[in-house]
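End of the sequence shown = 246 in the numbering used here, gap-free, step of one.
Simulated from the structure, these hints should not be mistaken for lab results. Bear in mind the structure is a predicted one, so any value in this text is a computation, not a measurement. Where hints are given, some of them may not hold.
[As the list claims (entries may be wrong)] Distance windows between CB atoms, simulated:
| id | residue 1 | residue 2 | range |
| --- | --- | --- | --- |
| 1 | L125 | E202 | 39 to 49 angstroms |
| 2 | G189 | L108 | 20 to 30 angstroms |
| 3 | K134 | G166 | 36 to 46 angstroms |
| 4 | M161 | T193 | 52 to 62 angstroms |
[Claimed, not checked] Taking lysine to any residue and the SDA-like style, the derived pairs with C-alpha atoms no more than 20 angstroms apart in a straight line are:
| id | residue 1 | residue 2 |
| --- | --- | --- |
| 5 | K110 | N47 |
| 6 | K134 | N47 |
| 7 | K110 | E62 |
| 8 | K134 | E76 |
| 9 | K134 | P78 |
| 10 | K215 | G166 |
| 11 | K94 | S51 |
| 12 | K134 | I230 |
| 13 | K86 | K134 |
| 14 | K218 | V160 |
| 15 | K94 | V117 |
| 16 | K86 | I102 |
| 17 | K86 | I130 |
| 18 | K208 | D168 |
| 19 | K208 | C223 |
| 20 | K110 | V71 |
| 21 | K134 | P64 |
| 22 | K121 | I198 |
| 23 | K86 | E129 |
| 24 | K110 | L87 |
| 25 | K218 | I230 |
| 26 | K134 | G75 |
| 27 | K134 | R89 |
For glycine and all other residues, C-beta sits at the position ideal for the given N, C-alpha and C.
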Amino acid sequence: MKTLTNALLFNLFASYLEDMVQVAEELPAAYDNFVTLLGELPQNENQILKLRRLNYTKIELTSIQIASEQMLEKRHVLYDVFIGKALSLLNAEIEMVKELFRYGNIIPELKSEIIKDTENKPVVMLTWNGTDSDLIELVAALMAAGAISSRNGDKLTVISVIRAFEDMFHLKINALYTKRGKVFDRCTDTTPFIDSLRVSYNRMLEKRLI
């Protein structure tokens with residue numbers, strides 16, 4: 037597998053480290069050439085191979101950076117600048133390929149399997165048969181019990197979780213903040229829906245035991 041280390045920019049870096057010659061004036065053009073090479077990487081290339089190629093190149097460039105930082109004499113600041121720029125460019129390209137994985141540009145071999153698996157799964161459309169207040173009460177109870185959390189670690193609020201339930205049940209709660217306030221401000225019979233769930237659940241268990 038070819039890396040990008042045969043680019044002119046890497047040749048200049050190698051000569052610099054070997055103390056053969058310093059041609060700092062050629063660095064800008066060599067860097068532009070490196071940018072062009074990155075842009076010309078085949079778009080239809082297997083993304084895993086592309087990511088591997090970029091990471092191998094990054095490893096080589098990181099080694100060059102470490103060696104450059106250890107030079108005690110004849111160290112040229114412009115070389116340090118372009119080594120850093122090339123590394124930043126590689127990191128950006130690597131992150132872009134990773135984002136393609138996350139948002140739709142899936143490896144073809146896996147994409148067909150995912151589509152096939154999705155097509156075979158029956159779609160279940162859910163509806164909410166309780167009242168808006170019932171749903172608010174249920175969400176508040178689940179959150180109070182620590183039964184719901186965000187996968188990415190974001191802080192959840194009752195409102196944000198209710199919005200997620202709205203999407204799941206294909207409904208829209210009007211005047212949500214007002215209704216939430218009324219549920220939380222109850223003076224008596226504060227959890228009628230939760231209480232009814234407990235009664236219904238116990239009744240179901242009793243029937244199963246008969």
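Cross-check of the supplied hints:
no.: 1; hint: L125 / E202: 39 to 49 angstroms; verdict: holds (43 angstroms)
no.: 2; hint: G189 / L108: 20 to 30 angstroms; verdict: violated (45 angstroms)
no.: 3; hint: K134 / G166: 36 to 46 angstroms; verdict: holds (42 angstroms)
no.: 4; hint: M161 / T193: 52 to 62 angstroms; verdict: violated (27 angstroms)
no.: 5; hint: K110 / N47; verdict: holds (18 angstroms)
no.: 6; hint: K134 / N47; verdict: violated (28 angstroms)
no.: 7; hint: K110 / E62; verdict: holds (17 angstroms)
no.: 8; hint: K134 / E76; verdict: holds (18 angstroms)
no.: 9; hint: K134 / P78; verdict: holds (16 angstroms)
no.: 10; hint: K215 / G166; verdict: holds (14 angstroms)
no.: 11; hint: K94 / S51; verdict: holds (18 angstroms)
no.: 12; hint: K134 / I230; verdict: violated (44 angstroms)
no.: 13; hint: K86 / K134; verdict: holds (10 angstroms)
no.: 14; hint: K218 / V160; verdict: violated (32 angstroms)
no.: 15; hint: K94 / V117; verdict: holds (16 angstroms)
no.: 16; hint: K86 / I102; verdict: violated (24 angstroms)
no.: 17; hint: K86 / I130; verdict: holds (9 angstroms)
no.: 18; hint: K208 / D168; verdict: holds (9 angstroms)
no.: 19; hint: K208 / C223; verdict: violated (26 angstroms)
no.: 20; hint: K110 / V71; verdict: violated (27 angstroms)
no.: 21; hint: K134 / P64; verdict: violated (28 angstroms)
no.: 22; hint: K121 / I198; verdict: violated (46 angstroms)
no.: 23; hint: K86 / E129; verdict: holds (10 angstroms)
no.: 24; hint: K110 / L87; verdict: violated (35 angstroms)
no.: 25; hint: K218 / I230; verdict: holds (16 angstroms)
no.: 26; hint: K134 / G75; verdict: holds (16 angstroms)
no.: 27; hint: K134 / R89; verdict: holds (13 angstroms)
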